[in-house]
Structures are given as structure tokens and as C-alpha cells.
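Peer 1: Given next are the chains, with one letter for each unit.
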Amino acid sequence: MSGKLFRNFSFLSATLSFFLLVGIFAILFTYAQDAMHAFGIDFLFNETWEADEDDEGGVFGGFIPIVGTLLSTIIAMVIATPLAMGIAIFLTEIASPKISKGVSVAIELLAAIPSIIYGMWGLFYFAPIVQKTVGGDGVGLLTAGIVLAIMIIPFMASITRDSMNTTPLVLKESAYAMGATKFEVIKDVIMPYAKGGIIGSIILALGRALGETMAVAFLIGSVMSLPHRITDPTTSIPVLLANNFAEAQDLEMSAMYYLALVLFVVSFVIISAAKFYFFGKKAK
Amino acid sequence: MTMKKIITAALAASVALTAVNADELKGRGASFPGPVYKAWTSEYFAATGKKVNYTPTGSGDGIKSIKKRMVDFAGSDKPLKPKALRKAKLYMFPAVVGSIVLAYNLDGVKDGELKLSRAAIDAIFTGKAKFWDDAVIVKNNEGLKLPHEPITTCVRADKSGTTFNFTYFLNKINPEFKVSKKPTWKAGKVVAGKSNSGVSANIQQIKNSIGYIEYSYKIKLGLPAAQVENKEGKFINPTVASFQDAAKYATWTADNDFYAVIGDPAGATSYPIVAATFILLPEEKAQKNKEVTAFFDWAFKNGDKAAAELGYVPLPASTKDAIRKYWEAKGIK
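Those sequence lines, one after another, are chains A and B. Position one of the first sequence corresponds to residue 1 (our numbering), numbered consecutively onward. Position one of the second sequence corresponds to residue 285 (our numbering), numbered consecutively onward.
The reader is advised that the hints may include incorrect statements.
[Stated by the list, open to error] In silico DSBU-like pairs for lysine-lysine, Cα to Cα no more than 30 Å straight-line:
#1 365/B to 132/A
#2 429/B to 132/A
#3 132/A to 491/B
#4 414/B to 132/A
#5 132/A to 470/B
#6 572/B to 132/A
#7 132/A to 367/B
#8 132/A to 504/B
Calculated directly from the structure, the hints in this document are not laboratory data. If you're wondering where the values come from, they're calculated on a predicted model, not measured in any experiment.
Same shape as in the complex, but just chain A:
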């Protein structure tokens, strides 16, 4: 009896997440209809976002926030991935257990910091440093990307560390017995073994970077213009949505649902592509 109940309950939980996904997609799609009819596919390549005076219509295009989202995510991933791998390798293979434990706790605590705190710290402390060292206004693409990187490193590092820790000792010992150096063991034994976990961590971090709102809203400058240099301010999809949601009406509201749908599809495509590509490879 209780077994059946448990089975049904877990089945319900599993299907619920699927229906939520479909449901959210359907809502975004429905609400975006007005903007889709008004702008069609050109929406993705139009650089203007301007409501007319009565707030009833206007011209809306998503090109700048889409580019801003992709660029800030790329900057974050480029910085975070090697650092997170380095941290994980250090913790599992190089550091003494005492140090490893302490650093691990610190990294996990870093992951628990709410994003608004990263945003405030970034604006009041970190942005002036960026301005001094590389120029620009302090707030902009580069600052947002670096702070995003700091935010996603803990996720990547701790998941990667956990999956590296699952490498059977026998494998490592055999490799050392064959005369392999530490670097060779890491490269040829641990990395291949932990690959699934490493890629999983990268995908999770990517998802977080794409959708991060609060910290980026503080740091990216929120300006509707394409960045010409890496320090220029621009905007991203979640930031534009957060800034304009309260005030938008009619067509602009619909355009924002359209933009949300774009973000939904972009994250979905990137994550599923990463998953199928890498896990497909692993199966061989």
C-alpha cells in the first residue's frame, strides 16, 4: 500500500516538472503573440526599444539585450571555467586534507551569498577598481562578466570536486605504479573519469550566468546600446525585463514576454546542445 503510494507520488513529482516546463513555455508564447505579430523575426535583429508617448505602442527589438546576455555569459565562462577546474584539482589532488576541508567550506559559503550582495559589492567596491585598471565607467560588460564569473565559480568548483573525488583509488594507484606523474594522472585518469560531472557543472553554471538578474542589473550599466569596447555599458535580457516590467503596458509588455521567450529558448538550446553533444561523446 505505502509502496504504491510512494510510487505514485514520485511519479507525480517527476511529471509535474515536465508540465511546469511546458506550461511556462505556453504562457510565454501566448503573451508574446502581440509582439510576434507586430515585429516577427526582425525582433531579434532590431536595436531600438522605444515606447511611443501614450505607452500604447512603439518599436521594440531585442538585439542589444540578446547580444549583451551572450557576451557577459561568455566572459564569465571564459574566466570561471579554468579557475574552477584549478580549484577542484587543487582540492582533490594537491592540498592536504586539512587545507582542502577549510577551502571547500569557504567555497561552498561563497555559493550561498545572495546575488544582490554581489551586485552591491560589485558596484561600490569592484567597479572603481575595474575603472582604474582598464578604464571605462566602472560599470559595463567586463565588470558584469567578472562578477558573474565569481558567482558561478563555487558551483562549478564544488560539483567538479565531488565528481573528481569519485575516481576509484585503484585507478589512480595503478597509474602511479606505472610511473605516471601527478599531472599525467590528473589529465589521463581523473579528468576522463569525472568528465560527466565536470560538464554537468559547466552547464549548471552556464544556466545561472544566462539568467542572473540582480547582480548584473547593478553592474552592466543598463544602457540600450551595443558595446564597442569590452568596458562599455550595455544591457542583458533579464536586466531589461527587471527594469521595465513595472512600467510596461500593452505592446511593450508583450515584447518583454517575447524577449523572455527568447531567453528561455536560448538557455534551453544551449543546455540541451551541451548535454547531447558531450554526453553523446561520453557514451562512446
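Given chain A, work out where chain B should sit, using these hints.
Peer 2: Then chain B, alone, in the frame of chain A:
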């Protein structure tokens, strides 16, 4: 069984709470007058025991909420034209006057030292002047050491009544500026922040920046602000006295539901970037409207001191009388 009791009790309590809440007046909208409405509502509660709850979300949100009849009244910094009011079946009247200052972050330039001519403001916000030592700015600031550094303009990231009133002023200097709650800025370096506090934070953080914020934020954060050249060519410091002088020139009349943007008024001592903020009421809810007008009537009589302390300018007595007549004519007093 106990669980059931707890839930029942909780439900009963929430129903009771909702019943109490039904008595209070709910308003939302413009954030520009947020501080003064807050002061008025708490004083009103202390004096009469009646609750008014105002949520400063933004003018656009206020207009949206009142059109959908989600609230009892709405605040908007942007007046609606009579035609739009009739279409949405709304009444409108002004509540208080505030002002917008140009705050800056320049090493060695103190509060009120920078003088900005109309040509200089135009040049800064169109991007014609790229550096602080541009001739058009230096002309009125011979004594100041202005750096050869690029000007960063700080603007609003969200749609805003403050931006509407600021671009209204810009439009008076240079008709090329579009009056809008969220225009596309053409200045060389632009950084946007959400709400007055976001823009203020950006000005504080970014060296050699300038931005427009509501006067009370300048006072609260101690930001230096510029003297602005008014219509008659005089440089005026943003002070409550110069705002009051400006408010005298506003021409409000009940014939068009007090529709008027009061920016850039005449008068040698008027600070030019002033703005009135408005209240919107739904035509059909006579009873609730009477409660709302009772609150504003009280505020017009007793709230001037609180308004002035917060950096706002109370409406002139003649305008208040005109508003009371308007209420009577509409049967909502």
C-alpha cells in the same frame, strides 16, 4: 485534529485581516512624491485614525493600475491629456510640486559651484560636449578647474515620470529632444540605473559623471548639484525658495483637469526644472473618491510643513481652491 484547528484559526484570522484592510484607501504610482505622501498618510492616520496606503512603484504602473481599477487612486508625474482621461474615465488633479536637480561627481567642485547654461545642458545630453573642459561649459565656470575627462551621463534605466519632466525641460531648450518617459539617449557615455536611488548610486560611484535626480535624493545623500540657467538667463541654485518662486508661474485650470507641465517657468528667481505630480481617480467610484479627496483636502490644509521639510513645494492656495471646486463640480467632495 489540532492541525485542522490551526488552519481554521489561520483562515479566520486572514479573513478578519482582509476585512480590516478593506477600509483603508489604496493608492500606487509615481515614486517621485513617495516621501511626501508617506509623511502625509502617517500624519493623517495619527490625526483621524483613517488609513491610506500608498505604494511608490512608478507613474506608468500607477496609470496601469487605475485603468484596471486595481487601486482607489493613482499617482502620476505625467499628466494625462483630457482626451485620455475621458477615454479611461478618470478624474485628475495636482497634489504637490517637486524638482529635479543635476547632480555631479567632479573632484574639487563643490555643491552649487558648477553653473550650467542652457547651451551646456543641451551639449552634455546630446553628446556635443564630450569632455568637461568643453568651451560651452567652461564659459560660465572660469574659476573652476574642469578636467579634460569624458563626461558620463547618468540616466534612468526604467520608465520614469522624473525622466518625462526632465526631457520636457530639455525639449524647451532644444526642440530636438523627444519628451519621453524613457528616451534613447544620444550622449557619448551613458550609464543607466533603476529608480532615483540607482541613478544616485551611479553618480556617487562614477568619477566625472552628471545625472538628473529628484531633489530629496540630493539632500539625503549630500550630492553636489549644479546651478541651472533659467528662462531669463539667471543661474539659480536648487533651493526650496527657488522652487516656490517657480511654482507661482504654473497655470492650472479645472477646465482641462489641471493638465499642465510646469517645467521651465518664467520669473528671474525661478529654478527651471520643476514638476507637478498628479492624482488620478476613477469616475464611477463616488464614495471611495470622497474618502480620497477628504485625505487630500486634509493634506492641503495640514501637510504644507511636512512637504516643505522634504524638499517639495505645496500648491499655491489659489490652486488648492480651484481643486476643491473641481471636486465639488464632479460630486466627489
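Peer 1: Each hint should be assessed against the structure and marked as holding or not.
Peer 2: Status of the hints after comparison with the structure:
1. Note on residue 365/B and residue 132/A: the hinted pairing is violated, with a Cα-Cα distance of about 48 Å set against a maximum of 30 Å.
2. Simply put, residue 429/B and residue 132/A have alpha-carbon atoms about 21 Å apart, close enough for the 30 Å limit, and the pair holds.
3. Among the hinted pairs, residue 132/A with residue 491/B is consistent with the structure: their alpha-carbon atoms are about 10 Å apart, no more than 30 Å.
4. Of the supplied pair hints, the one linking residue 414/B and residue 132/A holds, its CA atoms being roughly 20 Å apart against a limit of 30 Å.
5. About 25 Å separates the Cα atoms of residue 132/A and residue 470/B, which keeps this hinted pair within 30 Å; it holds.
6. The suggested pairing of residue 572/B with residue 132/A is violated, with an alpha-carbon distance near 57 Å, which exceeds 30 Å.
7. Distance hint between residue 132/A and residue 367/B is unfulfilled; the C-alpha atoms sit about 53 Å from each other, more than 30 Å.
8. Distance hint between residue 132/A and residue 504/B is fulfilled; the C-alpha atoms sit about 28 Å from each other, no more than 30 Å.
Violated hints, in rising order: 1, 6 and 7; the structure is consistent with all others.
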